[in-house]
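Chains as they are written, first to last, in the working numbering: chain W, 2 to 117; chain A, 620 to 733.
It should be emphasised that the hints constitute simulated quantities derived from the structure, not laboratory data. Given the structure is predicted, the values throughout are model-derived calculations rather than measurements. Treat the hints with caution; some may be incorrect.
What the hints assert, rightly or not - Listed next, the in silico PhoX-like pairs over lysine-lysine satisfying Cα-Cα at most 25 Å (straight line):
no.	chain 1	residue 1	chain 2	residue 2
1	W	12	A	687
2	A	661	A	687
3	W	12	W	58
4	A	677	A	687
5	A	725	W	58
6	A	725	A	677
This is what each chain is made of:
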Amino acid sequence: GAGVSQSPSNKVTEKGKDVELRCDPISGHTALYWYRQSLGQGLEFLIYFQGNSAPDKSGLPSDRFSAERTGGSVSTLTIQRTQQEDSAVYLCASSLGGGSKYNEQFFGPGTRLTVL
Amino acid sequence: AQSVTQLDSHVSVSEGTPVLLRCNYSSSYSPSLFWYVQHPNKGLQLLLKYTSAATLVKGINGFEAEFKKSETSFHLTKPSAHMSDAAEYFCVVSAMNRDDKIIFGKGTRLHILP
Chain W
2 GAGVSQSPSN
12 KVTEKGKDVE
22 LRCDPISGHT
32 ALYWYRQSLG
42 QGLEFLIYFQ
52 GNSAPDKSGL
62 PSDRFSAERT
72 GGSVSTLTIQ
82 RTQQEDSAVY
92 LCASSLGGGS
102 KYNEQFFGPG
112 TRLTVL
Chain A
620 AQSVTQLDSH
630 VSVSEGTPVL
640 LRCNYSSSYS
650 PSLFWYVQHP
660 NKGLQLLLKY
670 TSAATLVKGI
680 NGFEAEFKKS
690 ETSFHLTKPS
700 AHMSDAAEYF
710 CVVSAMNRDD
720 KIIFGKGTRL
730 HILP
């Protein structure tokens, strides 16, 4: 079956522009996660959705970052007024829901964002 | 509060020799622990997970990990390394308490020498 998909796979933007990153989770997965992976760093948790609500958005690094999820499926991560330090690979994962954080997460291939 | 520490950023072993990737954690609640693997230019894949059942957990590709509460460790091992094991490995801690975060370690890059 189809796995988690993300688009675009690569995004190059200029400092100050806004970007939108998209995640399509596995069908039936109610939990969705966004992470950021910078060069040489581990994964940094950004936000977690259970259905359309985000019980944990504490990882968002600033108010320039926001995310939404509609219909319990597709999610978009928006970064406003991008800065060079936003350059990273943004990973999305989904899992069976129920609010259980010990369900296996299935990861998408990521979006590589480069801010010039 | 939770944290996870992967003690080695890089590990090199010869093909056919044992692999040990170390992970220590701290958690206020009963933890769930995971190991994920990330091959170059590929997505993360679950290797194995511990969720308070058996303390010795077997995963894919011959990997296993042992949960040792007294040592707060969850080290990943494999008896005999293969060239295809070269990748980055992440130890992850989560908790049964929904308010606790999922925490990824900084990763250990495993190099396999011919």
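Hints versus structure:
Under the criterion of a C-alpha separation no larger than 25 Å, the hint pairing residue 12 of chain W with residue 687 of chain A is inconsistent with the structure, at around 43 Å. With a C-alpha separation of about 31 Å, the suggested pairing of residue 661 of chain A with residue 687 of chain A is violated against the 25 Å cut-off. For the proposed pair residue 12 of chain W and residue 58 of chain W, the alpha carbon gap of about 24 Å is at most 25 Å, so the pair holds. For a cut-off of 25 Å, the pair hint linking residue 677 of chain A to residue 687 of chain A stands: about 15 Å separates their Cα positions.
In summary, the hint linking residue 725 of chain A to residue 58 of chain W is supported, as the alpha carbons are separated by about 21 Å, within the 25 Å threshold. Only pairs whose Cα atoms come within 25 Å are accepted, and residue 725 of chain A paired with residue 677 of chain A is accepted, the gap being roughly 22 Å.
In this structure, the hints that do not hold are numbers 1 and 2, in rising order.
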